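Visitor: Let the hints inform the model, and build the full structure from the sequences given.
First to last, the sequence lines map onto chains C and D. Read left to right, the first sequence gives residues 1 to 147 (my numbering). Read left to right, the second sequence gives residues 1 to 147 (my numbering).
Don't read these hints as lab results, they were simulated from the structure. Hints may contain errors.
[As the list claims (entries may be wrong)] Pairs of lysine-lysine residues, derived as BS3-like cross-links and limited to a Cα-Cα distance of at most 30 Å, are as follows:
| no. | chain 1 | residue 1 | chain 2 | residue 2 |
| --- | --- | --- | --- | --- |
| 1 | C | LYS52 | D | LYS125 |
| 2 | C | LYS118 | D | LYS49 |
| 3 | D | LYS63 | C | LYS123 |
| 4 | C | LYS106 | C | LYS123 |
| 5 | C | LYS52 | C | LYS118 |
| 6 | C | LYS118 | D | LYS73 |
| 7 | C | LYS130 | D | LYS73 |
| 8 | D | LYS124 | C | LYS130 |
| 9 | C | LYS106 | C | LYS118 |
| 10 | C | LYS105 | D | LYS49 |
| 11 | C | LYS118 | C | LYS88 |
| 12 | D | LYS73 | C | LYS105 |
| 13 | C | LYS47 | D | LYS73 |
| 14 | C | LYS130 | D | LYS63 |
| 15 | C | LYS88 | D | LYS63 |
| 16 | C | LYS52 | D | LYS113 |
| 17 | C | LYS52 | C | LYS39 |
| 18 | D | LYS63 | C | LYS105 |
| 19 | D | LYS49 | C | LYS130 |
| 20 | D | LYS49 | D | LYS125 |
| 21 | D | LYS125 | C | LYS130 |
| 22 | D | LYS113 | C | LYS146 |
| 23 | C | LYS123 | D | LYS125 |
| 24 | C | LYS123 | D | LYS73 |
No experiment lies behind these values; they were computed from the predicted model shown.
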Amino acid sequence: MKGFEAIAFFNGWRIAGAGVFIVFTALVTLSFVISQLHKLLTVWENKDEYIKNAMQLFAKKEKVAVHPKLRVSKNFNESARQFNLLTKSLRDPFFSLPRLILLAKKVDISHPHATVNKLIQAKLIVPDDKGFYYWDHTAYKNILEKE
Amino acid sequence: MHIDFQNIQEIDIFKDLTPEEIEEVLPVLHPVRVFEGERLIREGETAQKFFIIVSGNYMVYFKDGRAFTLHNKGDMLGWSSVAGPFTYHESAVALTDGEVLSMPVEEFLLLMKGHSDLGSKITKKVTETVRQRIAFIKGTQNGNDES
Numbered sequence: 001m002k003g004f005e006a007i008a009f010f011n012g013w014r015i016a017g018a019g020v021f022i023v024f025t026a027l028v029t030l031s032f033v034i035s036q037l038h039k040l041l042t043v044w045e046n047k048d049e050y051i052k053n054a055m056q057l058f059a060k061k062e063k064v065a066v067h068p069k070l071r072v073s074k075n076f077n078e079s080a081r082q083f084n085l086l087t088k089s090l091r092d093p094f095f096s097l098p099r100l101i102l103l104a105k106k107v108d109i110s111h112p113h114a115t116v117n118k119l120i121q122a123k124l125i126v127p128d129d130k131g132f133y134y135w136d137h138t139a140y141k142n143i144l145e146k147e
Numbered sequence: 001m002h003i004d005f006q007n008i009q010e011i012d013i014f015k016d017l018t019p020e021e022i023e024e025v026l027p028v029l030h031p032v033r034v035f036e037g038e039r040l041i042r043e044g045e046t047a048q049k050f051f052i053i054v055s056g057n058y059m060v061y062f063k064d065g066r067a068f069t070l071h072n073k074g075d076m077l078g079w080s081s082v083a084g085p086f087t088y089h090e091s092a093v094a095l096t097d098g099e100v101l102s103m104p105v106e107e108f109l110l111l112m113k114g115h116s117d118l119g120s121k122i123t124k125k126v127t128e129t130v131r132q133r134i135a136f137i138k139g140t141q142n143g144n145d146e147s
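Guide: What follows is the structure in structure tokens.
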């Protein structure tokens with residue numbers, strides 16, 4: 001047995017077909033990977049932005065999870081009362097703003113950053129010109145009297 | 001978030017730019033949405049970008065507990081990225097949700113190289129901020145002047 005007969009007898013045509021199929025599949029896969037490579041490179045080059053966006057998504061989810069156990073009243077005066085107590089607990093009349101926020105977080109006050117911002121805008125928390133802050137008791141008293 | 005001519009011209013650092021110069025600046029400004037409590041920069045980290053406030057309220061603070069707040073459109077965060085030693089001197093956190101324009105320092109420096117007039121106009125404004133912040137770091141001026 002020789003030639004085409006031998007090829008057919010030993011499944012040569014099928015093996016050749018399988019070989020062609022494997023090679024072409026590999027080439028198609030490779031060309032697809034290469035054609036998409038620029039996307040991967042874009043992600044790599046802007047990895048900081050992607051990481052940040054991913055972290056923002058994460059942060060948003062956390063916020064949703066925290067929301068149901070809101071403790072601070074939406075009422076500004078109530079927030080003022082709570083932060084007045086917090087500033088008192090810091091003992092020093094001139095306190096550090098980041099420390100106050102940290103303390104508010106520790107006692108589970110929600111939205112401490114935004115609340116501190118509101119209190120600054122309302123001039124209840126006032127800068128001392130040296131980078132520290134104090135609680136304006138006169139302004140606070142005025143707010144309580146208006147209640 | 002949409003950034004256009006009008007938005008850019010309202011920002012102090014870009015006020016002196018011609019319409020052609022603003023066209024050059026637009027591609028290096030990346031609008032970023034920030035959320036309450038999100039940290040934008042951390043003291044001691046390599047300064048790779050600086051931020052220009054579009055909206056929202058921010059607290060800049062130092063390891064020693066001092067802090068000041070920024071509330072105005074056009075205020076800058078992360079100036080250490082354009083003035084050596086290219087390490088953030090301060091940390092900054094968003095007190096409320098807001099929007100900033102992120103400017104990667106590499107893109108900024110490339111822009112400066114190609115457009116010297118534009119560079120000197122922006123640098124003049126940045127230098128003014130740096131001067132105020134250095135004064136604050138040294139404890140000779142109230143950073144809240146900017147608020």
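Visitor: None of the hints should be skipped; say for each whether it holds.
Guide: Comparing the hints with the structure gives:
A threshold of 30 Å between alpha carbons decides the hint, and for LYS52(C) with LYS125(D) the separation of about 28 Å falls inside it, so the pair holds. Of the supplied pair hints, the one linking LYS118(C) and LYS49(D) holds, its CA atoms being roughly 28 Å apart against a limit of 30 Å. With a C-alpha separation of about 24 Å, the suggested pairing of LYS63(D) with LYS123(C) holds against the 30 Å cut-off. For the hint linking LYS106(C) to LYS123(C), the alpha-carbon distance of about 24 Å falls within 30 Å, and the restraint holds.
For the suggested pair LYS52(C) and LYS118(C), the alpha carbons sit about 27 Å apart, so the restraint of at most 30 Å is met. Note on LYS118(C) and LYS73(D): the hinted pairing holds, with a Cα-Cα distance of about 17 Å set against a maximum of 30 Å. Annotation: proposed proximity of LYS130(C) to LYS73(D) holds, straight-line Cα distance about 23 Å (limit 30 Å). Using a Cα cut-off of 30 Å, the hinted pair LYS124(D) and LYS130(C) holds, with the two alpha carbons roughly 26 Å apart.
Note on LYS106(C) and LYS118(C): the hinted pairing holds, with a Cα-Cα distance of about 19 Å set against a maximum of 30 Å. Straight-line distance between C-alpha atoms of LYS105(C) and LYS49(D) comes to about 28 Å, which keeps the hinted pair within the 30 Å bound. Distance check on the hinted pair: LYS118(C) and LYS88(C) sit about 18 Å apart at the alpha-carbon level, within 30 Å; holds. Under the criterion of a C-alpha separation no larger than 30 Å, the hint pairing LYS73(D) with LYS105(C) is consistent with the structure, at around 28 Å.
Annotation: proposed proximity of LYS47(C) to LYS73(D) holds, straight-line Cα distance about 28 Å (limit 30 Å). Taken as a hint, the LYS130(C) and LYS63(D) pair is honoured in the structure, with Cα atoms around 14 Å apart against an allowance of 30 Å. Proposed proximity of LYS88(C) and LYS63(D) is supported: the alpha carbons are some 22 Å apart, at most 30 Å. For the hint linking LYS52(C) to LYS113(D), the alpha-carbon distance of about 28 Å falls within 30 Å, and the restraint holds.
For the hint linking LYS52(C) to LYS39(C), the alpha-carbon distance of about 18 Å falls within 30 Å, and the restraint holds. This hinted pair checks out: LYS63(D) and LYS105(C) have alpha carbons roughly 18 Å apart, not beyond 30 Å. Proximity of LYS49(D) to LYS130(C) is assessed by CA-CA distance (about 27 Å); at most 30 Å being required, the pair is judged to hold. Between the alpha carbons of LYS49(D) and LYS125(D) the distance comes to roughly 16 Å, so the proposed pair stays at or under 30 Å and holds.
Distance restraint check for LYS125(D) and LYS130(C): the Cα-Cα separation of roughly 24 Å lies within the 30 Å cut-off, and the hinted pair is therefore satisfied. Proposed proximity of LYS113(D) and LYS146(C) is contradicted: the alpha carbons are some 58 Å apart, above 30 Å. For the suggested pair LYS123(C) and LYS125(D), the alpha carbons sit about 29 Å apart, so the restraint of at most 30 Å is met. The straight-line distance between the Cα atoms of LYS123(C) and LYS73(D) is roughly 20 Å, inside the 30 Å bound, and the hint therefore holds.
Of the hints listed earlier, the one the structure fails to meet is number 22.
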